[in-house]
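Model the full structure from these sequences, guided by the hints.
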Amino acid sequence: MKTLCSLLLILAIFSCSGEEDNTPSAPINDSFDPAEVMATLLREGELIGVGHTVNGTVKVYDDAGTTVVVLDPFSSQNGPDLKVYLSKDANATQYISLGALKSTMGKQSYVLTEMPDLAEYKFVLVWCQEFSVLFGKAELQ
Amino acid sequence: MSKEQISVGAALIIFVFLATPFSVAQTYSRTIKFIDANFAVGDAEGSMALSFNVDKGLGKKKKIVVGVGGRLTSYLGKNQYYETAPARLTSGSTGPQVIFKENIAANIDTFLIKTAQVNSLNVLITLGYNFSEKLMVRFNIDAIGLSFGKNTKGNYINGSRGAIEAASPTTWNALLVSDNDRGSLNSEFFGRYLFNKKWAVKAGIQFHFTEYTTDTQVQQFPEANDRFRNKSLMFTAGLSYKL
Chain A
1 MKTLCSLLLI
11 LAIFSCSGEE
21 DNTPSAPIND
31 SFDPAEVMAT
41 LLREGELIGV
51 GHTVNGTVKV
61 YDDAGTTVVV
71 LDPFSSQNGP
81 DLKVYLSKDA
91 NATQYISLGA
101 LKSTMGKQSY
111 VLTEMPDLAE
121 YKFVLVWCQE
131 FSVLFGKAEL
141 Q
Chain B
1001 MSKEQISVGA
1011 ALIIFVFLAT
1021 PFSVAQTYSR
1031 TIKFIDANFA
1041 VGDAEGSMAL
1051 SFNVDKGLGK
1061 KKKIVVGVGG
1071 RLTSYLGKNQ
1081 YYETAPARLT
1091 SGSTGPQVIF
1101 KENIAANIDT
1111 FLIKTAQVNS
1121 LNVLITLGYN
1131 FSEKLMVRFN
1141 IDAIGLSFGK
1151 NTKGNYINGS
1161 RGAIEAASPT
1171 TWNALLVSDN
1181 DRGSLNSEFF
1191 GRYLFNKKWA
1201 VKAGIQFHFT
1211 EYTTDTQVQQ
1221 FPEANDRFRN
1231 KSLMFTAGLS
1241 YKL
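One line per chain: the protein sequences are A and B, in this order.
Take the first sequence: its letter number 41 is residue 41 in the numbering used here, and every next letter is one higher.
Quick note, the numbering used here runs 1000 ahead of the 1-based positions in the second sequence.
Hints listed in this document are in silico derivations from the structure and should not be mistaken for laboratory results.
Virtual Cβ for every residue (Gly too), placed ideally from N, Cα, C.
Incorrect hints may appear among the rest.
Over the 10 Å line for every Cβ pair with chain A, so calculated as not near, a few chain B residues [stated by the list, open to error]:
(1) Val1054
(2) Ala1163
(3) Val1201
Okay, the calculated bits of chain A under chain B, using three or more residues with CB under 8 Å as the criterion [to be verified]:
(4) 41-49
(5) 128-135
Pairs of lysine-lysine, DSS-like flavour, derived with a Cα cap of 25 Å [claimed, not checked]:
(6) B/Lys1056 - B/Lys1197
(7) B/Lys1197 - B/Lys1062
(8) B/Lys1198 - B/Lys1061
(9) A/Lys59 - A/Lys88
(10) B/Lys1197 - A/Lys102
(11) B/Lys1153 - A/Lys88
(12) B/Lys1153 - A/Lys122
(13) B/Lys1231 - B/Lys1134
(14) B/Lys1242 - B/Lys1198
(15) B/Lys1242 - B/Lys1060
(16) B/Lys1101 - B/Lys1231
(17) A/Lys88 - B/Lys1114
Okay, structure coming up:
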């Protein structure tokens, strides 16, 4: 069975897979200013890489009833299909996707129209969705 | 049987009836037995299949054939998107009329599997046509059987919400109608050419369903569901040995 699996793996690897899209890498500087909109800081955490290079700080704000997750400063190794998850644990066992990572470099914010229970959703993850790989995580305090 | 498989089967039947009046008057063996070994490749996926086929010629000339057999298929896919499987969710009903119904997009969620590996052992049925002793076309489809494979983790995606959940290949396979199908079923439309008395090459297309059942019912809307299906269209080629 191992030989069969290996043969199939080779077959799948060499089959005509599509080109993988990488995340934009041009530095960005999001305009969200918590002082200007008088947003309340709810949680924050430090991003650490997991088998990949990810650095930065995550802050979660309440902006008049909407949740805003801000990565600032932020830098990440590039990869295909990178997403930002607000998750109950570091394994994405249950998560809310904040969308595609806007850039691998620079300040960026993600708006959630709902107010998740941050006592339950305690992690922000940088997650490669296509390959189910965790790039980085921050535990919110 | 999917809408696509029905289309291929219908095309073959029409082709057979159109081709019959122009074919050379010649009769063929009543029963032909083949062992086939073939592989298929698609987009980041592939399969290998080993099958035993017994084909019976019909009518005076034995040009039209029907057959039965058995097939072991092993499928491997990388980062494959599985979708909600049950017809009651995809089409809103479970009868044969689901062939003519549009999918209900709001009911269909995704289960992304990093490494899908499904082995299935099925009884297959065949419909075909012999152009000559050496050249023939066949359409076959798995009808009933079982599947096995490793439990693996996948990413259940429902809009912005998601969860990582474990899943295994659905054990029992059954060919019904369209999304009423259950489990993992392989089908092929191919041409076969005998280059000597025993050996033949075959090439065509393979339409292959694989299905996983999640450990818990991860989908809750509009009702609880744990079955997710992937449909693969692949190029297939291989060798046949005439018994």
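Evaluated hints:
1. Val1054: Non-interface label on B/Val1054 holds, nearest chain A Cβ at 25 Å vs cutoff 10 Å.
2. Ala1163: 5 Å, violated
3. Val1201: Check passes; 18 Å lies beyond 10 Å.
4. 41-49: Our answer is that it is violated, as 0 residues pass the Cβ test (under 8 Å) against chain B, missing three.
5. 128-135: holds (count 4)
6. B/Lys1056 - B/Lys1197: 18 Å, holds
7. B/Lys1197 - B/Lys1062: Within the cut-off at roughly 19 Å; holds.
8. B/Lys1198 - B/Lys1061: Given pair B/Lys1198, B/Lys1061 holds - Cα atoms ~22 Å apart, limit 25 Å.
9. A/Lys59 - A/Lys88: Since the Cα atoms of A/Lys59 and A/Lys88 sit roughly 16 Å apart, the hinted pair holds (cutoff 25 Å).
10. B/Lys1197 - A/Lys102: 62 Å, violated
11. B/Lys1153 - A/Lys88: Status holds; Cα separation ~17 Å.
12. B/Lys1153 - A/Lys122: 22 Å, holds
13. B/Lys1231 - B/Lys1134: 32 Å, violated
14. B/Lys1242 - B/Lys1198: Holds, at about 5 Å.
15. B/Lys1242 - B/Lys1060: Roughly 22 Å between the alpha carbons, so the hint for B/Lys1242 and B/Lys1060 holds.
16. B/Lys1101 - B/Lys1231: 18 Å, holds
17. A/Lys88 - B/Lys1114: OK: A/Lys88 and B/Lys1114 at ~21 Å, within 25 Å.
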